[in-house]
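Visitor: Residues per chain, in single letters:
Protein chains: 2
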Amino acid sequence: MVAVADGGVTMVAAEPDVRMPCFADVLVAQARLRAHLAPTPLHHAERFGCWLKLESLQRTGSYKVRGALNALLAARERGDRRTVVAASAGNHAQGLAWAAHRLGVQAITVMPKCAPATKIAGVAHWGATVRLHGDSYDETRTFAADLATQNGWRLLPAFDDADVIAGQGTVGLELAPFAPDVVLVPIGGGGLAAGIVLALKSMREGAPANRRVRVVGAQVEGVDAMARALRGDVASREPAITLADGVRVKEAGVLTRRVLADLLDDLVIVREAELRETLVRLALEEHVVAEGAGALALAAGRRVAGRRKCAIVSGGNLDASVLAALLADVRPRPPRRPRRRHREGDDEPALAPASTRLHRTLHPIPAQRTPFEELPA
Amino acid sequence: MVAVADGGVTMVAAEPDVRMPCFADVLVAQARLRAHLAPTPLHHAERFGCWLKLESLQRTGSYKVRGALNALLAARERGDRRTVVAASAGNHAQGLAWAAHRLGVQAITVMPKCAPATKIAGVAHWGATVRLHGDSYDETRTFAADLATQNGWRLLPAFDDADVIAGQGTVGLELAPFAPDVVLVPIGGGGLAAGIVLALKSMREGAPANRRVRVVGAQVEGVDAMARALRGDVASREPAITLADGVRVKEAGVLTRRVLADLLDDLVIVREAELRETLVRLALEEHVVAEGAGALALAAGRRVAGRRKCAIVSGGNLDASVLAALLADVRPRPPRRPRRRHREGDDEPALAPASTRLHRTLHPIPAQRTPFEELPA
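Line by line, the protein sequences are chains C and Y. Taking this note's numbering, the leading residue of the first sequence gets 60, the next gets one more, and so forth. Taking this note's numbering, the leading residue of the second sequence gets 60, the next gets one more, and so forth.
So that you can see chain C by itself, here it is in the shape it has in the complex:
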């Protein structure tokens, strides 16, 4: 119930009276980030029938750098130059480390012991201090909060923070000119999804008249804190083990839940096998390395109809051993054959005799199958 004033920003101590982010915050974030981060590419994944917003090509390999940098820049504007501490499954820590390096701020990150080595190395690369503690994001969060209190550092939440949400929302602003009809977003704590719905669906003045776009969240079976929270079940539950370590949280955010309860259109639950297959197909067919959470929105995409569908590939930080094992184990079904176009050459003579021989050594053309059919056990 108590709101604590902290360097000019109202921080959340209990549920009510939190500073809710709004569309204007996302616009301000975009103005702040412009000098540091270029927009990421939008790639047409032809065989998936879906566009991909490639945050895997973002600095530090995930969208998280947007929120972290926005929060540090906002703090600098307020004259707050304290050391920043963050708990993170990995990508928030990397984003913070990069932003802190760029702005010359001291950063300490706490990551769960099971964090991928590539994410840990990424943080160390940018000169931030790394501490490994706990087995899930929630344990590391408690520990980071204690460190902050003991040392007078600033605790930067991974998602439940107005500046962080506004920073992630800049992904949505970059999508707006493309005018998608469906945007698919992976949800862990909900920071990215909250930012994107604010950017694309907010009715505030100055917002794009874009209410028609549907924003659909994606979660993994058994790692669905937000889906439960939106149904009113806010009990903390141990999430299932998943390839998508980046979205593995016990509890959805408070701010994010409020925003999403208002503006999110739908939420799709994806099976682990679908996630694995999508990740492998992304690498082999689209030449995009996505981490588990990064493949999640695209995996959800097959359940959602749309003409200009866009899935956020939220990040690409994956351990070499994990990717190698997936490439060896998962044999994706061949994709749907393309629809025949009118053959302008239909009046051409049929293949000459020599071509009869030719057909005997043809590479067998895969039968037409829908992708994502049940994987063999």
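Hint data in this document are derived by calculation from the structure and do not stem from the laboratory. Take the hints with a grain of salt, since some may be wrong.
[Unchecked claim] To give a feel for the contact side, a few chain C residues facing chain Y, derived at Cβ under 8 Å:
id : residue
1  : Thr208
2  : Leu343
3  : Val347
4  : Ala383
5  : Leu386
[What the hints assert, rightly or not] Covered by chain Y, per the in silico footprint, the following chain C stretches (three or more residues, Cβ under 8 Å):
id : region
6  : 97-104
7  : 225-236
8  : 325-339
Note that CB positions come from ideal geometry on N, CA and C, so glycine has one too.
Chain C is fixed; fit chain Y onto it per the hints.
Guide: Same frame as chain C, but now just chain Y:
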């Protein structure tokens, strides 16, 4: 010595009197392709200090579709709707299959038996006929030429053709506004490099005043037909076995060699181990899946100084098993640590006592090393 008239275009029978492509051809190709292919993204590979032109995100996963589509569109303008046959290590076949599907032209492709399964599947996916023959590009080429003669089909060369070179040159036109000072290009037969030097370094009227850009070719040790040809040694020699199957040709093109002899600035030979390490680092650090030839230009990049260096990631079609094996085998040296920025937080108090404990469990920060140092055997 004999030039054979073929549907309005002069074809090469022996060396002289060939139709040389020029800057205007590249401009025309760009106008033709605009309706079909979007420009590919330019990605800043921060840890490499190099920009990447991601043709791995091109339709069919490589730049080859540009040349093939330009050649088919040019043929359509001339009223030539014959079945097209092509020999290809894989990507040219995929590009042709995609273009033929799009324009409703019949396409037959001949690929060497060792072509990656992913490339073969890519061709079949677009409905083209695939024939596996021979062990190298050169053997498949002879076979494809025989097929064309027997059946009255049009033979579409993979690189030694003015329309194909002009199509590939559109990569260079897309780079021009970025004003790179160095462009690194992988060279097999030389089609991509020839197109790019025409686009960026041609002095013809209407060309960008861009003579200052240096275009540097990259070849693999033992797979250096163009390097030898440019030194005057045009003898056909069996190329070494390499990860970069896409550039594995015995003989450089005739047209391409003429263009490159005039306009290419330099040529770097890359060791196989450097190529392997670069490919793995591209996947893990930049989240880009490149095939062997696609990692070649970036591998050459460390030998070339430049402020706005750009390497062409020419393609991303790599077999799952090859990528899995590389990820398991190759352990890249950690990248250079970033340079310290001025720390605005230097006047902050030193870390409080609690943080002393913290330092004991730090993740070890990798020592500063130059990437690409000799790999362990």
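Visitor: Each hint should be assessed against the structure and marked as holding or not.
Guide: Each hint tested on the structure:
1. The restraint placing threonine 208(C) at the interface with chain Y is violated, with a minimum CB-CB distance near 10 Å, outside the 8 Å limit.
2. For leucine 343(C), the suggested interface contact is upheld, since its CB lies about 6 Å from the closest CB of chain Y, less than 8 Å.
3. Taking 8 Å as the C-beta contact cut-off toward chain Y, the hint placing valine 347(C) at the interface holds, the least distance being around 7 Å.
4. With a cut of 8 Å, the hint placing alanine 383(C) at the interface with chain Y holds, because the nearest CB-to-CB distance is about 4 Å.
5. Proximity of leucine 386(C) to chain Y holds as hinted, the smallest CB-CB distance being about 4 Å (cut-off 8 Å).
6. Against chain Y, the region 97-104 of chain C contributes 4 residues with a C-beta closer than 8 Å to a partner C-beta. That satisfies the three-residue criterion, and the hint holds.
7. Counting residues of the region 225-236 of chain C whose CB falls under 8 Å from any CB of chain Y gives 0; the rule of at least 3 is not met.
8. Against chain Y, the region 325-339 of chain C contributes 1 residues with a C-beta closer than 8 Å to a partner C-beta. That does not satisfy the three-residue criterion, and the hint is violated.
Going down the numbered hints, you'll see the structure goes against 1, 7 and 8, while the others check out.
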